[in-house]
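*Asks:* Chains as they are written, first to last, in the numbering used here: chain A, 12 to 554; chain B, 10 to 316.
If you're looking for bench data, these hints aren't it; they were derived computationally from the structure. Not one of these hints is a red herring.
The calculated label-pair distances, taken between Cβ atoms and stated as ranges, are: (1) 405/A x 23/B: 36 to 46 Å; (2) 163/A x 23/B: 40 to 50 Å; (3) 160/A x 82/B: 33 to 43 Å; (4) 150/A x 251/B: 45 to 55 Å; (5) 166/A x 26/B: 40 to 50 Å; (6) 72/B x 107/A: 42 to 52 Å; (7) 405/A x 104/B: 29 to 39 Å; (8) 179/B x 536/A: 27 to 37 Å; (9) 433/A x 62/B: 22 to 32 Å; (10) 160/A x 26/B: 34 to 44 Å; (11) 405/A x 82/B: 34 to 44 Å; (12) 297/B x 536/A: 50 to 60 Å; (13) 297/B x 345/A: 46 to 56 Å; (14) 104/B x 360/A: 55 to 65 Å.
Which bits of chain B does chain A cover? Going by a derived footprint, with three or more residues having C-beta under 8 Å, they are: (15) 58 to 71; (16) 83 to 95; (17) 156 to 170; (18) 262 to 269; (19) 274 to 286.
Each residue gets a CB set at the ideal place from its N, CA and C atoms; glycine is no exception.
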Amino acid sequence: MRGATHAKWAACAAAVALAATGCGGGGDSGGGGGEDGIISSSWTDPQNPLEPANTNEVQGGKVLDMIFRGLKKYDPKTGAATDMMAESIESTDSVNFTIKIKSGWTFSNGEQVTAKSYVDAWNYGANLKNNQKNAYFFGYIDGYEAVHPESGDPTAQTMSGLKVVDDLTFTVKLSQKFSTWPDTLGYSAFAPLPQSFFDDRDAWIAKPVGNGPYTLNSYQKGSQAQLRRWDDYPGPDKAQNGGIDLKVYTDNNTAYTDLIAGNLDLVDDVPASQLKNVQADLGDRYINTPAGIIQTLAFPFYDDAWNTPDGAKVRTGLSRAINRDQITDTIFQKTRTPAKDWTSPVLGEDGGFDDTLCGDACEYDPAAAKKLVQEGGGIPGGQVKITYNADTGSHKDWVDAVCNSINNALGNEKACVGNPVGTFADFRNQIGEQKMPGPFRAGWQMDYPLIQNFLQPLYYTNASSNDGKWSNEEFDDLVDQANAESDTAKAVDLFKQAEEVVRDQMAAIPLWYQNGSAGYSERISNVALNPFSVPVYNEIKVN
Amino acid sequence: MGRYVIRRLLQMIPVFFGTTLLIFLMVNIMGDPVAGLCGDRQCDPATAAQLRKEFGLDKPVWQQYLTYMGNVFTGDFGTAFNGQPVTELMGEAFPVTIRLTIVAIFFEIVIGITLGVVTGLRRGRPVDTGVLLLTLVVIAVPTFVTGLIVQLLLGIKWGVIDPSVSSDARLDELIVPGLVLASVSLAYVTRLTRTSIAENSRSDYVRTAKAKGLPRGRVIRRHLLRNSLIPVVTFIGTDIGALMGGAIVTERIFNIHGVGYQLYQGILRQNTQTVVGFVTVLVIVFLLANLLVDLLYAVLDPRIRYA
Chain A
12 MRGATHAKWA ACAAAVALAA TGCGGGGDSG GGGGEDGIIS SSWTDPQNPL
62 EPANTNEVQG GKVLDMIFRG LKKYDPKTGA ATDMMAESIE STDSVNFTIK
112 IKSGWTFSNG EQVTAKSYVD AWNYGANLKN NQKNAYFFGY IDGYEAVHPE
162 SGDPTAQTMS GLKVVDDLTF TVKLSQKFST WPDTLGYSAF APLPQSFFDD
212 RDAWIAKPVG NGPYTLNSYQ KGSQAQLRRW DDYPGPDKAQ NGGIDLKVYT
262 DNNTAYTDLI AGNLDLVDDV PASQLKNVQA DLGDRYINTP AGIIQTLAFP
312 FYDDAWNTPD GAKVRTGLSR AINRDQITDT IFQKTRTPAK DWTSPVLGED
362 GGFDDTLCGD ACEYDPAAAK KLVQEGGGIP GGQVKITYNA DTGSHKDWVD
412 AVCNSINNAL GNEKACVGNP VGTFADFRNQ IGEQKMPGPF RAGWQMDYPL
462 IQNFLQPLYY TNASSNDGKW SNEEFDDLVD QANAESDTAK AVDLFKQAEE
512 VVRDQMAAIP LWYQNGSAGY SERISNVALN PFSVPVYNEI KVN
Chain B
10 MGRYVIRRLL QMIPVFFGTT LLIFLMVNIM GDPVAGLCGD RQCDPATAAQ
60 LRKEFGLDKP VWQQYLTYMG NVFTGDFGTA FNGQPVTELM GEAFPVTIRL
110 TIVAIFFEIV IGITLGVVTG LRRGRPVDTG VLLLTLVVIA VPTFVTGLIV
160 QLLLGIKWGV IDPSVSSDAR LDELIVPGLV LASVSLAYVT RLTRTSIAEN
210 SRSDYVRTAK AKGLPRGRVI RRHLLRNSLI PVVTFIGTDI GALMGGAIVT
260 ERIFNIHGVG YQLYQGILRQ NTQTVVGFVT VLVIVFLLAN LLVDLLYAVL
310 DPRIRYA
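Required output: the full structure, derived from the provided sequences and hints.
*Replies:* This is the structure in structure tokens:
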């Protein structure tokens, strides 16, 4: 008996030893190189089920971006909205739009993409019953209130503003003038959906079917998604590689380590702790380009102490007390760019970006800062408390640095302190309940590259992301005028005038523009990030 | 013995309800999870209300708890925010973590007890001092430091292992992470065994056994080790639960999609269903491991008998 036990132990130990030697090196190198090469890329588990109108974060958006093509697509380099599936989008009054789509497009299951595919998808996305988190994207369409009332049940199943004319044509009536509305249609919430989605939603969600350059081959939630090139894709932007394996990483440090060890081809989020080594590790295989993301400090205007007549002076004073250059250099290793306005460089000058707009108000000047704060009646309550969520994004580091900068400028050790909140959900919770004791971290990632998207959702009275409840008649008027203006250049000009109101009132302190960062292996080339800081997967080539 | 087992099993019921209720309340006081679901913007109120209804968050907490427990007994642990049933998440996570735990426990038993016996029998000799120093270092260095260093050296510098574990999490890939996870406990097992062996080797029954002329190996295994293992078994038993729940650090470093990872995500997203479900199962594992330890006592030392 005892002998047998011993033998078992010995066998076990031997097996372990064998396995140990067998587990070295190698890794999966994909299916060959060249056009059919497979690229492995880091990924984080998407928060929501993969549905076009339900995905509001980058990770799920990556997949939708690969398996769907909508009416418009944003140019990976310039961010300009160009026609993709749209043959033409016409309007004479900025309210009624006629949309013609190209013929010959199909979903990867063979089904034709028709006007109905769009109308049905949009009606589904807007309907309150379907719990779609991006429903508000359809809010400009006439009849939205009927399918998505503020309270109670929907009184209609479809929006009255949407009408199918024929197989390839449909019309849209908006509830207000919005001249640049067609440019919003590149967002994935506006993607078409095949009939199979409406027939069996659960089955579709387990394995989404779209009309983009890739198909989703297999999707194991929480660990991996395999996307493969769809050879019959009818669009002009065919995939230049065989497919993408998105691998879920528990920690972006591990993903980076895997890239260095040669087990991974692409990391699209270089961890902050590795920024010091990244040049030495990757050389020119490290990408650091501006993205359509701006970080600001918002104020609780619902709190009377922060909403005084002279408050703008205090807020401008605080803005001038922040040494943006130093913080972006030392804490972010130049992966952020000090903000000069309230939009983003990805818009370009024609799109409304203006690096002189903020001017002095964003320049570091401790003396002027001190003077302005005093003139404005001092800091409400004697202390600025900057609220942030401490769970992700190393927000503590920069909030502490901002506070240091303010304290030094004002010559008061206790002028500013950080106020951490445990989780992001709780942070959002407290914002929603209007409990902010002072300025709070606010970040805005654009939905589409339009100056409208950087201003209206954030500063228009009662807009969806106006968390500080700022309200200004002049600003609202200018935005309304801009939306009604059919000449794009004039519209942009009006938006910039509105932005000047934001500056004069310092509705929020702009801090910095965020860059997208990525690193890749020697196996692949032609890697770029689009203005949403997502890799342009279909253009990557395998060497 | 049978009555003892039944009594222990019955005792588990209130512990089970108490812990689940506590966890439920703790996740609940963190606030409304729906607020975090819409990214950096406010969910529109109608959609938020609808989501709350879908996840049953619109009801009072006690009612949520009762509904939850009712569902648990039918095998339904609710749905995570990404639309996946929690049971499915468990089905993916637990096998991986159990494999990792088995590897860790295996190392604890084999290496820990061997080193303990060796040092215990050679008190004060260089081997003993050396191992004692080594265990001291292992205990003093936090697991994440050990993990990162091992990953850097074996994974990148020498290329012996892959720095991250694939989604299959095969047994051979788990050897190094298992060793890292086991490291601190392993050191404790070594020290416990050493002390116990050292004490017992001076006892009367060992002297008697030696005097009878029994072979040295038999004295050590049958007489000395068997009696010395009681505290070690207690430690390893309670360690099973601790390893499964505490694997968060190791799992993060080596990209293992196990229980620790799911719990971490669940807490970050304030996903009550995921957190409560996983903790409930961990509590059961803990209770069963403790029961097993108590039963093993009787096997190791027949003098310990429970009525």
